[in-house]
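Chemist: Sequence:
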Amino acid sequence: MLAKFPKLPVLASLCLSLLLISACDENNPPATSKIVFTSDRDGNDEIYVMNGDGSDVTRLTDNQAIDYVPDWSPDGTKIAFTSERDSNSEIYVMNADGSSPTRLTYNQANDILPDWSPDGSQIAFASNRHGNYEIYVMNANGSNLIRLTNNRAIDGSPAWSPDGRQIAFYSNRDGNREVYVMNANGSGQTNLTNNSKTDDGVPAWFPDGKQIAFISSSNGNNEIYVMNADGSNQINITKNRDQDGVPAWSPDGEWISFHSDRDGNFEIYAMDTDSSSLTNLTDNPAKDLYPDWQPRSLNAQQ
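Residue numbers (numbering that gives the first Met the number 0): 0 to 301.
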């Protein structure tokens, strides 16, 4: 299955430009799904979870430090995230209800942007423990740390392919930020976007592994693009003058969520991949960022 983004009719395009899509199209993400995200609505950045339609927002972390960039485990029972509760950024994991937060990394550098492998056995992340940010993997309990990239550039935002064979990431090793892919052992690092005059990053694999969503500044501001997994056919799907970031697919591929400041502050949005209709899921004065959908395996049990 491939994501579908047809050309919008004139009326739908007008609704999108006026931010009135929800009034024009009642199609909303299912409430039975879950989205975890970061928000500062209670004063500092914490991890929250909500239903797929934006209802039933629940706070999962509660401390004076910054907790951000949550990532569901493949079975939906745990959430990895970055926290500064120990002064520097470290990788933590907690149960899906916010209980039993456990620290996985221990060093004086910054460890950020965790991403679970599809089988749940490993977590990829970025760290500057050797001076610049590189991609590492470790076992899900924090053991057996392995460095995958080794260069003088900045590498970040690792994202496992659905089959676990590859990891997409961004790097500025060619002068500007591009989306790359490598084998899960770090070999075969390949530039996918090849846009020498823009910055691309934050890749997110479509559930069947055939496409990748990512951020690009090709039009001057950050927008969400989709390309084939080999880097071909790059398409802008958000098309606005504001800042859109951090795409995440629903498990069935019917929706793509992202954060955007198109309403003046950053909110979590969901776009229907069939009709391109857009729904503001958070709609509050706070800053809401870094959405991630609950995996299909747990949805099916509810």
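If you are wondering where the hints come from, they were derived from the structure by calculation, not from laboratory data.
Beta carbons are placed, not taken as given, at the ideal position from N, Cα and C, and that holds for glycine.
A portion of the hints provided could be inaccurate.
To be verified - Label-pair distances were calculated between CB atoms; the ranges are:
(1) THR76 / ASP262: 13 to 21 Å
(2) ALA30 / ASN283: 17 to 25 Å
(3) ARG240 / LYS286: 15 to 23 Å
(4) ARG102 / ARG58: 16 to 24 Å
(5) ASN220 / ARG58: 43 to 51 Å
(6) SER195 / ASP273: 32 to 40 Å
(7) SER86 / SER195: 37 to 45 Å
(8) ASN26 / ARG151: 41 to 49 Å
Chemist: Which hint numbers doesn't this structure obey?
Modeler: 1, 5
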